[in-house]
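Per this note's numbering, residue 316 is the first one in the sequence shown, and the count goes up by one each step.
Among these hints, one or two may not hold up.
Unchecked claim - Simulated pairs of lysine-lysine, DSS-like, Cα-Cα distance not exceeding 25 Å:
| id | residue 1 | residue 2 |
| --- | --- | --- |
| 1 | Lys361 | Lys455 |
| 2 | Lys475 | Lys336 |
| 3 | Lys488 | Lys458 |
| 4 | Lys532 | Lys477 |
| 5 | Lys542 | Lys528 |
| 6 | Lys336 | Lys455 |
| 7 | Lys488 | Lys415 |
| 8 | Lys391 | Lys411 |
| 9 | Lys455 | Lys432 |
| 10 | Lys411 | Lys322 |
| 11 | Lys455 | Lys477 |
| 12 | Lys348 | Lys415 |
| 13 | Lys323 | Lys458 |
Derived from the structure by calculation, the hints contain no laboratory data. Given the structure is predicted, the values throughout are model-derived calculations rather than measurements.
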Amino acid sequence: MMMASLKKALRTVFEVCMNLKRNESCLVVSDSKKRELGLAFFEAAKSITEKSAYEEVLPPPRNGTEPLEQIGSSWKFFDVIILVTSKSFSHTKARKAACKAGARIASMPGLTEDMAKRALDVDYALMKKRSVKLARILEKGSKVRVTTALGTDLEFSIKKHKPFTDFGIYSKKGSFGNLPAGESGLAPDEGTANGILVVDACMGTGVLKEPVKITIKDGFAVKFEGKEGARVRKQFEGLG
């Protein structure tokens, strides 16, 4: 039986974040590693609309892996799509095509039950207010310097790109974002990042046992140091 706190969090996703209506269709996509949570989302969706479906895919080997064509091509026929997978489909052609067709999509790669209970049932109005405030600060800035006690000292320019916000509300046709939300950011101007980045938590490869020191020159990571440096470097191979 689903815990009350988890049930409430998942209902919040459908009712507040996605604004799912009883006459709309909803697809929950999961994989074998996230099956239990995916099925919990499916049950929550069914409590709102009878037009709910569950689709299980093979666990993606890495973030950004495209789903099989016959699977991804079906996404555009749904009003709302929830992606609860071990790796991210957020920046795939399939996801973008579905949004272009009008689907409202929330992606939750790596979500755990604990994360869902703590970070999905939140005050989204307050989150929006803070996200917009931070984005305005970034918009007025021109240069960023990031320093930490562990040794990070990284500088880059922020003149070219507009900041974005992600405050967890995807109620408009074709909208998309990641949950849990609460984000304001922008990409550094290409070729301007220089310095040292020390990663001590995780970096797409799972939790790091020891910090990894990355040297960045003119926007490129040129050196990875630490016992897990090779593992972190591997995920960037072939990306330029």
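Against the structure, the hints come out as follows:
Distance hint between lysine 361 and lysine 455 is unfulfilled; the C-alpha atoms sit about 45 Å from each other, more than 25 Å. The hinted pair formed by lysine 475 and lysine 336 fails the criterion: a straight-line CA distance of about 39 Å is larger than 25 Å. Using a Cα cut-off of 25 Å, the hinted pair lysine 488 and lysine 458 is violated, with the two alpha carbons roughly 35 Å apart. Using a Cα cut-off of 25 Å, the hinted pair lysine 532 and lysine 477 holds, with the two alpha carbons roughly 23 Å apart.
Distance restraint check for lysine 542 and lysine 528: the Cα-Cα separation of roughly 10 Å lies within the 25 Å cut-off, and the hinted pair is therefore satisfied. Of the pairs offered as hints, the one joining lysine 336 and lysine 455 is violated, with about 39 Å between alpha carbons and a cut-off of 25 Å exceeded. Between the alpha carbons of lysine 488 and lysine 415 the distance comes to roughly 9 Å, so the proposed pair stays at or under 25 Å and holds. With a C-alpha separation of about 9 Å, the suggested pair lysine 391 and lysine 411 falls inside the 25 Å cut-off, and the hint holds.
With a CA separation close to 35 Å, the supplied pair lysine 455 and lysine 432 exceeds the 25 Å bound. Using a Cα cut-off of 25 Å, the hinted pair lysine 411 and lysine 322 is violated, with the two alpha carbons roughly 29 Å apart. Under the criterion of a C-alpha separation no larger than 25 Å, the hint pairing lysine 455 with lysine 477 is consistent with the structure, at around 10 Å. At roughly 28 Å between alpha-carbon atoms, lysine 348 and lysine 415 are farther apart than 25 Å, so this suggested pair is violated.
Proposed proximity of lysine 323 and lysine 458 is contradicted: the alpha carbons are some 42 Å apart, above 25 Å.
Checked against the numbered hints given earlier, the structure breaks hints 1, 2, 3, 6, 9, 10, 12 and 13 and satisfies all the rest.
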